[in-house]
Amino acid sequence: MRIRTSMAAAAVAGIAAVTLAACSSSTASDSSAAASSDDETSTLVIDKSFDLVTADPARMFETTGGIVLHAVYDSLLTFADGDSTTPLPSVAESWTSNDDATVYTFTIREGITFSDGTDLTADDVVFSLNRVKNIQGNGSFLMEGLSVSKVDDMTVEITSETSNTAVPAIVTSPTLGIVSEDAVEANGGTDAEDAADTDAAEEYLNSESAGSGPYMIESFDTTTETVLVANPDYWGDAPEYDRVVLRNATADAQLMDIQSGTADVALDLGSDQTASLEGNDSIVVSTSASPTFFFLILNADSGVSDVTSTQEFRDAVKYGLDLDAILELAGEGAEHAYGVVPNTFLGALGSDSAVEQDLDKATAAVEALGGDITVSLEYPSDISSNGLDFGPFAERIAAQLSEIGITVELVPSPVATALENYRAGTEEMGLWLWNPDYPDSADYLAFGPGRTVGLRAGWAEGTAADLESIMTEVAAETDADTREELYVEYQELMNEYGVIVPLFQPSATVVSTSTVGAVDYDPVFSLDIAAIGK
Amino acid sequence: MTRFITRRIGAALLLLVGSVLVTFGLTAILPGDAATARLSEQAASDPEIVAAMRAELGLDQPLYKQFLIYLGNLVQGDLGDSVQSGNPVLEDLGQFGPASAELALTAMIIALIVGGGLGVLSALRANGVIDNVLRALSLGGVSVPLFWLALIATSVFATQLRWFPSSGRLDAGAYAPDTVTGFYTIDSLLAGDIAMFGEAIRHLVLPAIVLAAPMIGLLLRFTRTTVLEVLSQEYVRAAEAKGLRRSRVIGGHVLRGALVPLITVIGTAFASLLAGTVLVEQIFVWPGIGSYAYRAASNLDLTAIVGVTLFVSVIYITVNLVTDILYGIIDPRIRYAS
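Chains V and Y are the protein sequences, given in the same order.
Residue 1 is where the first sequence starts when you use my numbering, and the numbers rise one by one after that.
Residue 1 is where the second sequence starts when you use my numbering, and the numbers rise one by one after that.
So that you can see chain Y by itself, here it is in the shape it has in the complex (with noise of 0.2 angstroms):
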């Protein structure tokens, strides 16, 4: 067991490497000129004040130079700073992280729950009227694009109802909690501020639940296909034979059965669910790594996209690390099988 993780670390420590030279070969070709982009029209016309911008990024450097000066500083834990806020890379990731995270688990939360207990559902109810209406709602769940979703969303419960905020994590103006984890709602009842935890929920509803409806029709539809297929297995069967109730051969057979290969979908939903972070956090005005990333691609800011994608690919990486380990774990013929 020891050997297949330690192999499985090294492999993840190569792809993030990999990730760090891919991106930043890919933001260094990428057309436009960094130092430009961040001058005003009459000061990009001025020869000396673009040299000096180009000294001041590093961008007079030889590419391999600069990519080396950037290893350098990373294995200091160095990301370098951002150009757009001035900020050391690392100080914004810790900034605009808990916001993302908090986000991102509420809506993998939401997702585990809703996709995998309906899920479960349309599986005992196969065929029969539920079932096909909440397949046909997966099929929707995945294929509507989020930012229709989101628009109305917004439109319907914050625009019109006005039940949930559009925008922000708190409301306007509000002071934030003091720092502790840096999720609102944590954060919110660490501090006994039980009104401030709920504008924080209030504010977490609306995104949080168009980030996970694409994952809801996933997992729905994963969790169906596995619990028919655990259902028809030969130990079931006994089960059912030897007299056992259904709660429990459900709960105790069936979905423990599910489990392992609901783990690995998990690990790819939640990449899908980072890429959808960028876009929902667009449009929810939601201070977090995505919006980040989108200003810092808008603005040429080469240090910040190399950090967040560094960033993304650290997460990205451990939680496939984890997924393997808990995999092997859980079903003893993978870890033998590699």
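This is chain V alone, in the form it adopts within the complex (with noise of 0.2 angstroms):
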């Protein structure tokens, strides 16, 4: 029986590879926290699911670019330790205002040298803020209204065409990194104000590093990893890791790396699967508020829809919703919102500001629309956020305005899809949420009428003067108790209105391993790389 024998031997050659090659495993966790702990190169490795453009400061405006370029490129201001309220120094060691808001004036560090060994002046700064305007990209409406000019070598002016206080906190954003001039400009980079069709330095950028970080990039790609390599001549305190590995993994995938102890720290693992992971020893699990809301939009259109475009519609969904179900479904950790503003950011509301669920108020409101409502609820149905998917939710709100008489259809679609119907204004209704564009409460703003959302949401200009005029007036007062008091004004005026009902603050979840230690969510950057392990 020789072929018997002979498919035996393979078999067995087969199971002895296989075996062998198991038993000379050694875990990428056994290299990792061995290195981490060894005197040669210490590696973090990193499981987050890509949103990875690219490596240009100018050009990106992504959660996975933020994380990569706030530790490759400083900024003018920082934010450290999770405290999103209190810009510090980084790049400019100290900065002033003028009374109304309108002038900035920034002192640079001396001695900060770009990671090519090049100082780093003003001439930088200001080449880099304009690329960033110029180049109107994603990240350009932060520089709107904005000019930067260049006092001496080591002073920079903001000057902002009106009052504006969110100054401070805009250049904190990577997008606003700066970037070395000369290796730029040596690479097709422009900050002239043709940039948009002349710049080349993108490729250059995806490559090399021009910033003066703690990192550097060791290697850029935006499908599977990207690596960063600690910057020897960094100005600051040295970061805990040579070495960095950000991957590309599913939420499922990283679970599994996190579990076998293939990553030390995994960012996009939804309240279910970090459940599963309770009483495990070697992981610790961090979570925190985050930034991120969920809100609805009933579509103040009349044009789009005659329902939703009416102060009774929106009673009934204001009375009807049960908001402490809803947050129940987020998980543990998750925040009621009051407002557009989250609770990190000066002007939130607090719980007595919240609207009690009332069914017979949400009753009388459906009757008085005639009955037997009909709307239409779009979301996406293939993102999710902190773990988090649209889908249950929209399902729980159609349950609970069925009970007041509503009939919600839900139409999920995917999300380049549902984008194009939300950016056009055309939805009746719709499931979203929001990421701070920069950490201020002036970006909520963008929720009003005729601005981004409130134009979503069907919301013209000269629709709500008393709304606008709160709007304007926030936005030009430079005394922090003043303004305080204006944001809570705007957002009960915008709850009142209700064309945009807030839902909750999702939680964010770190997790990561024993070996590496807690590591915190960071309301502003997500995960400051840098600060691991400090």
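Hints in this document: simulated from the structure, not taken from any laboratory.
Any given hint could turn out to be false.
Unchecked claim - Here are some of the chain Y residues that sit facing chain V, going by a computed Cβ distance under 8 angstroms:
#1 Ser40
#2 Glu41
#3 Ala44
#4 Ser85
#5 Gly86
#6 Ser166
#7 Ala172
#8 Ser232
#9 Gln282
#10 Tyr292
#11 Leu300
Since this is a predicted model, take the numbers as computed values, not measurements.
C-beta: ideal position from N, C-alpha, C; glycine also.
Reassemble the complex: the two chains are provided individually, in unrelated frames, and hints are given to aid placement.
Quick look at the structure:
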């Protein structure tokens, strides 16, 4: 029986090879953990579901890109330790503003060098900020109404067309990271007004670092993994890890990786997944509030919907929804969003502003509309945030509204499709989320009439004069206490109008191995890589 | 024979043009705007930025022009640039293709050895205990969803036992071997790095076995049936009657006779394997064409979607072409019939 003998031999050889491979295995956990404790190279492996597009600060405006570039490029100011209320010195060691918050003067720290050894000066700051403005990319709006100029070699001035108290928060953005003018220009970059057409430095910046941050880019890949190495000449405290590997992995893969030790940090696990890690001594789960918030839009344009554009319908939704039951779905650590401004920012509303469910009022509002109402609710079906899918929330909202006589037809679609209707302002009802563009309450004026989100909700400029006057007033107000009052007033009025219905803020969870220790979610940068292990 | 091959190649080229046309057409009518899909919330509200992005992506041109431009570039070997990676799609395919090829070929080899071998065994033990067990297992292999199998495999062998890693081609942060073939197993051997070779093998084991599972089931059942058919043929009985040893009958007559239909089914199996890589690569964080395609589809990266489809079509059509030709060579009746 030669055949059977050779087959058996092949099978044995196969099993032996696999077993040998298995026995000779040393998990990546061993390698990274061991590496982190030896004298050679300490490597940190972070799993993240990538939304990585570019490593060019002037073109970057994605979460993963922000994580990478915050580590590679210093900004004029920064935030640290999860505190998103107080900007701290970074490239600028100090700054002042005039009384009406139209002119900000930044003094640049002496002795900062880029990773190629050249000095960082005012010219680099002006070049970097102007390049962002003129490239007309995703983050160019940060420079809208702002102009930057050099006062002397170590001083720059940012001038705003109107009073703008958000400037210190805005300049912390990794999009406004400071690049080396010489290096970028030598590789096709420009800050000229026609930079949108003429700048050609993206390819260079996707492979090399032109920054002064704690890390440098070793390799950059938007699909698989991006590797950073510590900048030996960094002007601040050296980071704990010499090398950081940021890998693209789905949430399911992240759970496996963190359990098997092939990753040190996982960023996208949902509450169900983290619950399965309970009792695992080698895993640390850190949970904190996320500034992301979920909300409903009820289109105010009667051309889109003669139902959702009525105050009666908005009242029906406002009093018909059980926000506690919706919050339950968001899992442990999630918090109510009582207004559009998240609870970590100035002027956030407290529980005393909560709208209590009142089914009688809600039913009366539906009856006033003639009853038998049917509306459609659109939402993205293929994305999740903080481990949360939109589907269950949409279903719960539909179930709650059906109790007061509103039939909600659910219209899930891939985000690329759903975004089109949302951005065109043609959704009757929409379920969406918002991540802050910069950590300041001013970013949430985008929900008002005539602004980015307001327009998507069919809320044109000039349709809510009282609200709009507060928006104008708060943007120009420099006194912190008055600003706080105005933001409170703004949100209370927003809630009264009910075009935007704030739902909740999810919790942000970072899971890490005990070797690395607790890693906190950063409300501004999502993850501050250089702070890990310190 | 030359005429047969020429006609087959001609048909393959037509198929290729057809697949470009269909893919391009389908992506063009997809709902969603590829330009705004790439923009942030604030930028998408700025008509100037949206218009600039549309122009940059060529979406401001009429569809037929976009297609003609694409075809013109294609003839020159230019598949366009991927919106997501920023690289030429051809370069991306060159980067991710070898990873998928290494995985798919390993899965194919596993499936051929295990599926084919067990299929012969099953046929030789027809209706016995071994046969029944193997048939049941093969049914499981074919019908169990890949994602479920992958989750079980990673849970048991990666998370619990820690025998094999659950993601990547090498341990995280490890430097890849110098690229010669793009196959880490081969390149690490060429570099004389045995430790890296072992690491590459360990990373291949789980995804390759999961990917191979449905093919093992398919090949097992098919080989069994084919071998049983051949066993009942007159010439096999004649060979046995002549007093040839059974092993020689099986090796010299049965397997040879079973080879022809097996070649056809391998082509079909390869197609299902290609489809499976998208899922398996996602689950095992395998940086191959499957992951690339998934990401391209999620982000409406039209050039990448068309590029990947074309790439897969080329492979699929080539495999079928080779199968047809081999089939024609082995069995002359087919080439005369056609």
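Results for each hint:
1. Ser40: holds, 4 angstroms
2. Glu41: Y/Glu41 check passes; min Cβ-Cβ to chain V is 6 angstroms, inside 8 angstroms.
3. Ala44: holds, 5 angstroms
4. Ser85: holds, 5 angstroms
5. Gly86: This interface hint holds because 7 angstroms falls under the 8 angstroms limit.
6. Ser166: holds, 4 angstroms
7. Ala172: holds, 4 angstroms
8. Ser232: violated, 18 angstroms
9. Gln282: holds, 6 angstroms
10. Tyr292: Constraint on Y/Tyr292 satisfied, holds at 6 angstroms.
11. Leu300: For Y/Leu300, the interface hint holds, since the closest Cβ of chain V sits about 5 angstroms away, which is under 8 angstroms.
Violation of the numbered hints given earlier is confined to hint 8; every other hint is satisfied by the structure.
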